[in-house]
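Trainee: Numbering (the working numbering), first residue to last: 1 to 119.
Simulated from the structure, these hints should not be mistaken for lab results.
Do not rely on the hints blindly, as some may be mistaken.
Unchecked claim - Derived BS3-like pairs: lysine-lysine, alpha-carbon spacing no greater than 25 angstroms straight-line:
1) K115 / K93
2) K84 / K114
3) K36 / K5
4) K93 / K51
5) K36 / K22
6) K19 / K30
7) K13 / K30
8) K12 / K36
9) K115 / K84
10) K36 / K19
11) K51 / K36
12) K36 / K11
13) K54 / K84
Given the structure is predicted, the values throughout are model-derived calculations rather than measurements.
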Amino acid sequence: MARIKGGLNAKKKHNRVLKLAKGYRGARSKQYRVAKQSVMRALASSYAGRKQRKRQMRTLWIARINAAARMNGISYSRFMHGLKSAGVDMNRKMLSELAVSDAESFAALADTAKKALAS
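Please model the entire structure based on the sequences and the hints provided.
Mentor: Okay, here's the thing in structure tokens:
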């Protein structure tokens with residue numbers, strides 16, 4: 001029985017990694033061994049980055065809500081507590097969108113939160 005050489009499979013594997021490393025500087029895009037390390041690190045970083053993006057967006061939403069709430073004379077934490085007490089169930093993404101694009105309706109929500117805290 002004839003021996004089967006694995007050159008084709010190795011070539012396919014190398015090309016797959018080198019294709020992912022396209023655009024990297026120097027040996028990182030040319031040599032398989034170096035490219036493999038760079039690609040492994042890049043894939044790990046991109047996985048972590050997708051999780052961090054969600055955290056960063058939530059931080060941005062909170063900063064926007066806080067700025068708009070303080071313009072209406074209430075702190076972020078008191079604003080959120082007031083909305084919860086008033087039974088307003090709105091997520092931070094939508095609240096920040098209101099704060100940026102529709103200041104009048106956000107002011108109305110701030111008044112609702114203040115009334116709920118006062119009672």
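Trainee: For each hint, tell me whether it holds in the structure or not.
Mentor: Here is how each hint holds up against the structure:
A C-alpha spacing of about 23 angstroms is found between K115 and K93, which places the hinted pair at or below 25 angstroms, so the restraint holds. With a C-alpha separation of about 11 angstroms, the suggested pair K84 and K114 falls inside the 25 angstroms cut-off, and the hint holds. For the hint pairing K36 with K5, the CA-to-CA distance comes to about 23 angstroms; that is within 25 angstroms, so the pair holds. Distance hint between K93 and K51 is fulfilled; the C-alpha atoms sit about 17 angstroms from each other, no more than 25 angstroms.
Between K36 and K22 the alpha-carbon distance is near 12 angstroms, which keeps this suggested pair within the 25 angstroms criterion. At most 25 angstroms may separate the alpha-carbon atoms for a hinted pair to count; K19 and K30 meet this at roughly 10 angstroms. For a cut-off of 25 angstroms, the pair hint linking K13 to K30 stands: about 14 angstroms separates their Cα positions. A threshold of 25 angstroms between alpha carbons decides the hint, and for K12 with K36 the separation of about 13 angstroms falls inside it, so the pair holds.
A distance of roughly 12 angstroms separates the Cα atoms of K115 and K84; the hinted pair therefore holds under the 25 angstroms criterion. Taking the CA atoms of K36 and K19, the gap is near 11 angstroms; set against the 25 angstroms cutoff, the hint holds. For a cut-off of 25 angstroms, the pair hint linking K51 to K36 stands: about 23 angstroms separates their Cα positions. Between K36 and K11, the direct Cα distance comes to roughly 13 angstroms. Compliance with the 25 angstroms bound is thereby established for this hinted pair.
Between K54 and K84, the direct Cα distance comes to roughly 23 angstroms. Compliance with the 25 angstroms bound is thereby established for this hinted pair.
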